[in-house]
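Construct all of the structure, not just a fragment, from the sequences and the given hints.
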Amino acid sequence: MRSEDFEFLADMLKRRSGLMLTKDKVYLLESRLTPLARNHGLESLEALVQKLRVSRSEALAVEVTEAMTTNESFFFRDNTPFDLFKKHVLPMVEKTNTTKRLRIWCAAASTGQEPYSLAMILKENWFKWKDWNIEIVGTDICTQVLEKAKKGHYSQFEVQRGLPIQMLIKYFTQDGDVWKLNDEIKSMVKYRPFNLLDSYSTLGSFDVIFCRNVLIYFDQKTKSDVLERMRRNLSDQGVLFLGAAETVLGITDAFKPVRGQRGLYVPSAGNVEQLMGF
Amino acid sequence: MKTCLVVDDSKVIRKVARRILEELSFNVEEAVDGQDALDVCNRMMPDVVLLDWNMPVMNGLEFLKKLRSMQGVEQPIVVFCTTENDMSHIRVAIEAGANEYIMKPFDREIIEAKFSQVGLM
Numbered sequence: 001m002r003s004e005d006f007e008f009l010a011d012m013l014k015r016r017s018g019l020m021l022t023k024d025k026v027y028l029l030e031s032r033l034t035p036l037a038r039n040h041g042l043e044s045l046e047a048l049v050q051k052l053r054v055s056r057s058e059a060l061a062v063e064v065t066e067a068m069t070t071n072e073s074f075f076f077r078d079n080t081p082f083d084l085f086k087k088h089v090l091p092m093v094e095k096t097n098t099t100k101r102l103r104i105w106c107a108a109a110s111t112g113q114e115p116y117s118l119a120m121i122l123k124e125n126w127f128k129w130k131d132w133n134i135e136i137v138g139t140d141i142c143t144q145v146l147e148k149a150k151k152g153h154y155s156q157f158e159v160q161r162g163l164p165i166q167m168l169i170k171y172f173t174q175d176g177d178v179w180k181l182n183d184e185i186k187s188m189v190k191y192r193p194f195n196l197l198d199s200y201s202t203l204g205s206f207d208v209i210f211c212r213n214v215l216i217y218f219d220q221k222t223k224s225d226v227l228e229r230m231r232r233n234l235s236d237q238g239v240l241f242l243g244a245a246e247t248v249l250g251i252t253d254a255f256k257p258v259r260g261q262r263g264l265y266v267p268s269a270g271n272v273e274q275l276m277g278f
Numbered sequence: 001m002k003t004c005l006v007v008d009d010s011k012v013i014r015k016v017a018r019r020i021l022e023e024l025s026f027n028v029e030e031a032v033d034g035q036d037a038l039d040v041c042n043r044m045m046p047d048v049v050l051l052d053w054n055m056p057v058m059n060g061l062e063f064l065k066k067l068r069s070m071q072g073v074e075q076p077i078v079v080f081c082t083t084e085n086d087m088s089h090i091r092v093a094i095e096a097g098a099n100e101y102i103m104k105p106f107d108r109e110i111i112e113a114k115f116s117q118v119g120l121m
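Chains as they are written, first to last, in the UniProt record's numbering: chain Y, 1 to 278; chain L, 1 to 121.
Among the hints, erroneous ones may be present.
As the list claims (entries may be wrong) - Calculated pairs, SDA-like style, for lysine to any residue (alpha carbon to alpha carbon, straight line, at most 25 Å):
(1) Lys180(Y) x Pro105(L)
(2) Lys2(L) x Lys180(Y)
(3) Lys170(Y) x Val118(L)
What the hints assert, rightly or not - To list a few chain L residues with every Cβ distance to chain Y over 10 Å, as calculated:
(4) Lys2
(5) Asp9
(6) Lys11
(7) Ile13
(8) Glu22
(9) Glu23
(10) Asp33
(11) Gln35
(12) Asp36
(13) Lys66
(14) Arg68
(15) Gln75
(16) Asp86
(17) Leu120
Worth flagging that the hints you see were computed from the coordinates, not collected in a lab. For every residue, glycine included, the Cβ atom is placed at its ideal position computed from N, Cα and C.
And the structure:
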């Protein structure tokens, strides 16, 4: 790939999504954008870049951004955050939240497995939550993945990666090769397209934010900006989940890690970790 | 090191499963059908059984029922691994005492995910 083409794409992706591409990620551009180029009748990645430059097509730029920002997702990914959510976060919410209103934000919902995993955890103890006003909001920059999330249709391969078999039996129906999530779980999650670089003012305040494996793609300034805005949209007794390879340390003072609980962060001011029993 | 008994009449599947499981640090034993698997369990009970459904001599479901009726032994975790990929078979397997269920084809990621769910990793 020509250096000027790489620079053009890297600059465009940074402006549109915050995605930081270094030269060692050329393979990612090639693997994700070559099929897109072919779909547009273009013979190479270079031709795609040329078309972006000349046509200045917004639709094509969006397609390229979406192709590059789509991340794989699976049910109960990494287990630990979901265990912490079930065993520590929910008991704290139940004890301390007198409004009986619980708002959860999955900031990179992708094809829906993360928000639906949370919905299933809540449904497993529904007797505790049935009188609550619970809202799970799933956002993603990519509208295509959100369409799949809304449908709640998954392949055999997707339902086997992380989903306990008991939950497959309980919450899915089978239609040939497709496993369809039941309406009772689907209706617990609302999806909307959202770019983490945009204003958060329309999102409202949350009690729990899941933003896993997103910050790793951003530069330091964008990371810090996103985390500080998330703090403003998180209640004082709220919690933030980041990916296992991500941290707030050296990036922002708005959050502190919960000691020994990888990926779990709480507002720096306050004692949320104690309320969760840590 | 935990021991996994791979029960499958296909030599190729046993070989693929062995490679994945050894990479995941399991000690692997093999059996070619349900009766062979019972013989292994009588000699030495594994920590987990990766179990095919359709096999000659004794099928996986029959083996599971006999295994679960064994008294005075530490029951292993049983993970079905079969081409029977419909809900009715899954329900029957779980009711008979299977802990997890893998629909073939499988890969390392699926085995790892399923084994994690049942606390083996």
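Are there hints from earlier that the structure breaks, and if so, what are their numbers? 2, 16
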